[in-house]
Amino acid sequence: MFMTRGRLAALALALLASPIAAQDGPDGLAVGRQMLAEDNPGELWVARGQRLFFEKRGPKKASLESCDLGLGPGKVEGAFAQLPRYFADTDKVQDLESRLMTCMVTLQGFTTEDILRNRFGTLDNDSDMEALVSFIGSKSNGMKMNVPLRHAKEAEAYKAGEYLFHRRSGPLDFSCATCHADQGRRIRLQELPNMTDSKQVQTVVATGWPAYRGTQATVRTMQHRLYDCNWQMRLPDLGYASDMSIALTSYLNHRGNGGVVQLPGVRR
Amino acid sequence: MAEPMRIRAALQGDVADVRILMRHPMETGQRKDAKGDIVPTHFIQNVVVTHNGRTVLDAQWSQAVSRDPFLGLRVKGAKAGDTIVVTWTDNKGDKRTDEATVAAAS
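In order, the protein sequence lines correspond to chains A and B. According to the numbering used here, the first sequence is numbered sequentially starting from 1. According to the numbering used here, the second sequence is numbered sequentially starting from 1001.
Watch out, some of these pointers could steer you wrong.
Stated by the list, open to error - Computed, partial: chain B to chain A, Cβ under 8 Å: (1) 1003; (2) 1006; (3) 1019; (4) 1021; (5) 1031; (6) 1032; (7) 1033; (8) 1034; (9) 1061; (10) 1064; (11) 1067; (12) 1068.
What the hints assert, rightly or not - Just a few of them, taken from the derived set where beta-carbon distance is under 7 Å, the chain A residues facing chain B: (13) 43; (14) 124; (15) 160.
Keep in mind that the hints were calculated from the coordinates and are not lab data. Using N, Cα and C, we set each Cβ at its ideal position, and we do this for glycine too.
Using the sequences and the hints, build the whole thing.
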């Protein structure tokens, strides 16, 4: 909704009164973020993802309607809120993206190489994966994150993720925790969430990714976020849907349990 | 084929607050693709918004408008249930028309 004049004036006063707070905190930026969130271009990816999900595609001319995302074939409502989880047919813990890959290969007959080539959209090519993840993520809106930790492999992935999160490595000797285990850290103007704080990890997990990135003019997924974090730490490229990426997602998403999903997000 | 727009129209008093998201590459003609070739100019040239068939906005755009544009406008004298139709035409002649119904004030 548009802001009333009164609120705008109040905000201007608040900015005048505390220039330091405006620089440190999200006060002033919150207004812009709110406006972006109301008309999030990510909604266009949701619409495209919905079309792709039900369209008969691939060499086998099949839709994804019989894809089991953990809650039964074709059930997308609430699926995101309970991933990653263990899947008996692949005998693996899978996140949304690796599970979609399995479905696209087994049901639709796409090759893994095709999917990987198109995993991250560019200005020249839209990614089907980014659209599908946006659609499925949005189908958990309003629900609480509830990632299971029942199966032995789920516990294993969680433990591996916890270890990886704190493990320092690479030429810069960074771990995820170097940037994400402290209050009030940032890279330039980007505030870094503190993943050891349960409130913040809930917010990031439930409303963070997939998100429309203004600077990249496309929706980016959790796999992309982890890939980019890895690159920023100057580690070797994180394999898409690799065990390491799924372990980290398992750890973070489980710790985010209780966060109320609102996707896609919108980011710088 | 052009992707559908997302149009929201909600009443605020007798004014309809219309918000439109469009999917369009809006190429400026200055970007190079992965191969190093210039990507030709491709942008929305004309946007027409009608309210119950009456034109309320007729805009000429240029490549200065961003990718996946957002357009917001306020239409006076609207009532719940009125029809808002948005049409854009780009410089390659591609067209897209979508419509929305004005929702009652929430």
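Tell me if the interface restraint on residue 160 of chain A is satisfied: Cβ within less than 7 Å of some Cβ in chain B. violated, 35 Å
Cut-off 8 Å, beta-carbon criterion: hint that residue 1031 of chain B touches chain A: holds, 7 Å
Hint check: 8 Å Cβ-Cβ cutoff, residue 1034 of chain B to chain A: It holds, given that the least Cβ distance between residue 1034 of chain B and chain A is near 6 Å, below 8 Å.
Under the criterion of a CB-CB separation shorter than 8 Å, is residue 1019 of chain B in contact with chain A as hinted? Holds, about 5 Å.
Next item in the hint list is residue 1003 of chain B. Is there a CB on chain A closer than 8 Å to its CB? holds, 6 Å
Interface hint for residue 1006 of chain B, Cβ within 8 Å of any Cβ on chain A: Since chain A brings a Cβ to about 5 Å from residue 1006 of chain B, closer than 8 Å, the hint holds.
If you take the shortest Cβ to Cβ gap from residue 1061 of chain B to chain A, is it below 8 Å? violated, 17 Å
Evaluation of the interface hint that places residue 124 of chain A against chain B, nearest CB under 7 Å: Residue 124 of chain A check passes; min Cβ-Cβ to chain B is 5 Å, inside 7 Å.
With chain A as the partner, please determine if residue 1032 of chain B meets the hint condition of a C-beta pair closer than 8 Å. Violated - the Cβ of residue 1032 of chain B stays beyond 8 Å from chain A, reaching only about 10 Å at its closest.
Does the interface hint hold: is residue 1064 of chain B within less than 8 Å of chain A, judged Cβ to Cβ? violated, 15 Å
Evaluation of the interface hint that places residue 43 of chain A against chain B, nearest CB under 7 Å: holds, 5 Å
Would the stated hint for residue 1033 of chain B survive a check requiring a Cβ distance to chain A of less than 8 Å? holds, 5 Å
When the structure is compared with the earlier hints, violations turn up for hints 6, 9, 10, 15 and for no others.
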